[in-house]
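In the working numbering, the protein residues as written are 1393 to 1892.
Errors might be hidden in some of the hints.
Said to hold, decoys possible - Here are the computed lysine-lysine pairs in the DSBU-like style, where the Cα-Cα straight-line distance is at most 35 Å:
(1) K1825 <-> K1854
(2) K1861 <-> K1761
(3) K1761 <-> K1595
(4) K1486 <-> K1536
(5) K1536 <-> K1595
(6) K1495 <-> K1578
(7) K1632 <-> K1620
(8) K1803 <-> K1872
(9) K1409 <-> K1632
(10) K1461 <-> K1409
(11) K1461 <-> K1632
(12) K1825 <-> K1803
(13) K1461 <-> K1486
(14) K1495 <-> K1461
(15) K1620 <-> K1409
(16) K1536 <-> K1495
(17) K1495 <-> K1620
Unchecked claim - Pairwise CB distance ranges (calculated):
(18) K1461 <-> N1739: 31 to 39 Å
(19) D1402 <-> E1664: 48 to 56 Å
(20) E1664 <-> G1542: 17 to 25 Å
(21) E1577 <-> K1825: 32 to 40 Å
(22) D1850 <-> E1816: 41 to 49 Å
(23) G1753 <-> L1732: 21 to 29 Å
(24) D1402 <-> D1513: 26 to 34 Å
(25) D1399 <-> Q1479: 36 to 44 Å
(26) G1798 <-> T1435: 42 to 50 Å
(27) G1678 <-> N1496: 15 to 23 Å
These are computed hints drawn from the structure, not numbers from a lab.
Just so you know, even glycine gets a beta-carbon here, dropped at the ideal spot from N, CA and C.
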Amino acid sequence: MTQTLPDLVDFDEVLEKFDPAMGLEVHVELNTNTKMFCGCPTTFGAAPNTQVCPTCLGLPGAMPVVNAKAVESAMRIGLALNCEIAQWCRFARKNYFYPDMPKNFQTSQYDEPIAFDGYLDVEVEGQTYRIDIERAHMEEDTGKATHVGGATGRIHGADHSLIDYNRAGIPLIEIVTRPILGTGEKAPLVARAYVSALRDLIKALGVSDVRMDQGSMRCDVNLSLAPKGSGTLGTRSETKNVNSLRSVERAVRYEMSRHAAVLLGGGSVLQETRHFHEDDGSTSPGREKSDAEDYRYFPEPDLVPVAPAREWVEELRTTLPEPPSERRARLQAAWGYTDLEMRDVINADAIELIEETVAAGAAPQAARKWWLSEISRRANEAGVDLGSAGVTPAQVAEVQQLIEGGTLNDKLARQVFDGLFAGEGTPAQIIEKRGLALVSDDGPLLTAIEEALAAQPDIADKIRGGNHKAAGAIVGAVMKATRGQADAARVQQLIIEKLA
């Protein structure tokens, strides 16, 4: 059943009357070989319920043991986010009853997180925003529920539900911001830029693959509106498990317009969770939410506190990668991009894609051209992020090298991209299958030139008289005759040589 969307307030009107406040909670699955509190493997895509044991199934008598690698990864994330690392922290039981957690509690951290009081700077349209990090804490992931039957794929209305506990117990780090204020019209872009920068930083650390499409990085978007200039915070909603950068931006924009519609209509915003819908960018109600104390947190009695030695913390600090802002400045200088060109790359979330394309052999300007034009257009049409468009940096580099080697021109290259998006194989295979290579033999080109000159004798006379610009008409005729598979520069050269 299709949901009926509420009336929304125009975004410009929202900004005239309200100040937005955001809070972002990002969950990152750590790429350890085993789970957080047991020795079960963490391989993605394994058959359901094949990576489980008494501990992650919550069977009586099973005792947890902390994964030291997960603790190390959590500390490295905290250090990279300029956080303080706790000298002493402990786990807590977060009690709730839902079938995705067979113990009926989730082992998490509450008032004593592993890392706290940090920040991450992000840039949006030339302005830097400092996002304050309240905490980064360790916890275990839940199982994955699949609701079968019904129209929405959610538990309400489903015929039955299936639970895969392979994911239950996988190590997570949850990174929670303080309220993000003062972003105004840039709020959706700032939210996207923060999640993007966080993803890049964590990927550089090597502690997670941060694949939002596979659920290894998920974002909960908290948003509220307050009257313009009031300096207060409104009632917030929490849009759960947003799984792409584009969706983070859309969720913030939609919730701002929805909140404004409720408030201007004389209503009150409910403190609730919301579900995001990829198809139309809307959200729908989940459940009313009260304060965290409802979870009845209490210290986990089966685990000892974690007290990382200061020497270990400082040793981990030396392993941190280059900060994202410094990396962007270095790459901009290396690639020779203007500030505007680099800003477009950042806004398109294409830094890593272009970096990998350049590393594979393409020139920086060529890499930027393909990712921000042809591939970006197709990604927008498909409603997916640039990195999920179906083309790899290595393939883009190969296409550009074929252009530089004289096998393709830009027009033919676009047809190769058609084949890549259709999954027809490698660029070389697509060229062979579709017969796309440029005509490299001058013989067929000269034949086509002679036919074009015979059909346009007046143009031939102009060229003989020294008007070389007139050769463009003959070049166009030859390109048409060869279905675009001629090198225009070579055709022009042959025409001039023939009529000189």
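How the hints compare with the structure:
{"no.": "1", "hint": "K1825 <-> K1854", "in the structure": "violated, 40 Å"}
{"no.": "2", "hint": "K1861 <-> K1761", "in the structure": "holds, 28 Å"}
{"no.": "3", "hint": "K1761 <-> K1595", "in the structure": "holds, 25 Å"}
{"no.": "4", "hint": "K1486 <-> K1536", "in the structure": "holds, 18 Å"}
{"no.": "5", "hint": "K1536 <-> K1595", "in the structure": "holds, 24 Å"}
{"no.": "6", "hint": "K1495 <-> K1578", "in the structure": "violated, 42 Å"}
{"no.": "7", "hint": "K1632 <-> K1620", "in the structure": "holds, 27 Å"}
{"no.": "8", "hint": "K1803 <-> K1872", "in the structure": "holds, 12 Å"}
{"no.": "9", "hint": "K1409 <-> K1632", "in the structure": "holds, 26 Å"}
{"no.": "10", "hint": "K1461 <-> K1409", "in the structure": "violated, 48 Å"}
{"no.": "11", "hint": "K1461 <-> K1632", "in the structure": "holds, 28 Å"}
{"no.": "12", "hint": "K1825 <-> K1803", "in the structure": "holds, 17 Å"}
{"no.": "13", "hint": "K1461 <-> K1486", "in the structure": "holds, 23 Å"}
{"no.": "14", "hint": "K1495 <-> K1461", "in the structure": "holds, 23 Å"}
{"no.": "15", "hint": "K1620 <-> K1409", "in the structure": "holds, 5 Å"}
{"no.": "16", "hint": "K1536 <-> K1495", "in the structure": "holds, 14 Å"}
{"no.": "17", "hint": "K1495 <-> K1620", "in the structure": "violated, 45 Å"}
{"no.": "18", "hint": "K1461 <-> N1739: 31 to 39 Å", "in the structure": "holds, 35 Å"}
{"no.": "19", "hint": "D1402 <-> E1664: 48 to 56 Å", "in the structure": "violated, 24 Å"}
{"no.": "20", "hint": "E1664 <-> G1542: 17 to 25 Å", "in the structure": "holds, 21 Å"}
{"no.": "21", "hint": "E1577 <-> K1825: 32 to 40 Å", "in the structure": "violated, 48 Å"}
{"no.": "22", "hint": "D1850 <-> E1816: 41 to 49 Å", "in the structure": "holds, 44 Å"}
{"no.": "23", "hint": "G1753 <-> L1732: 21 to 29 Å", "in the structure": "holds, 26 Å"}
{"no.": "24", "hint": "D1402 <-> D1513: 26 to 34 Å", "in the structure": "holds, 31 Å"}
{"no.": "25", "hint": "D1399 <-> Q1479: 36 to 44 Å", "in the structure": "violated, 52 Å"}
{"no.": "26", "hint": "G1798 <-> T1435: 42 to 50 Å", "in the structure": "holds, 45 Å"}
{"no.": "27", "hint": "G1678 <-> N1496: 15 to 23 Å", "in the structure": "holds, 20 Å"}
The structure does not agree with the numbered hints 1, 6, 10, 17, 19, 21 and 25 stated previously, though it agrees with the rest.
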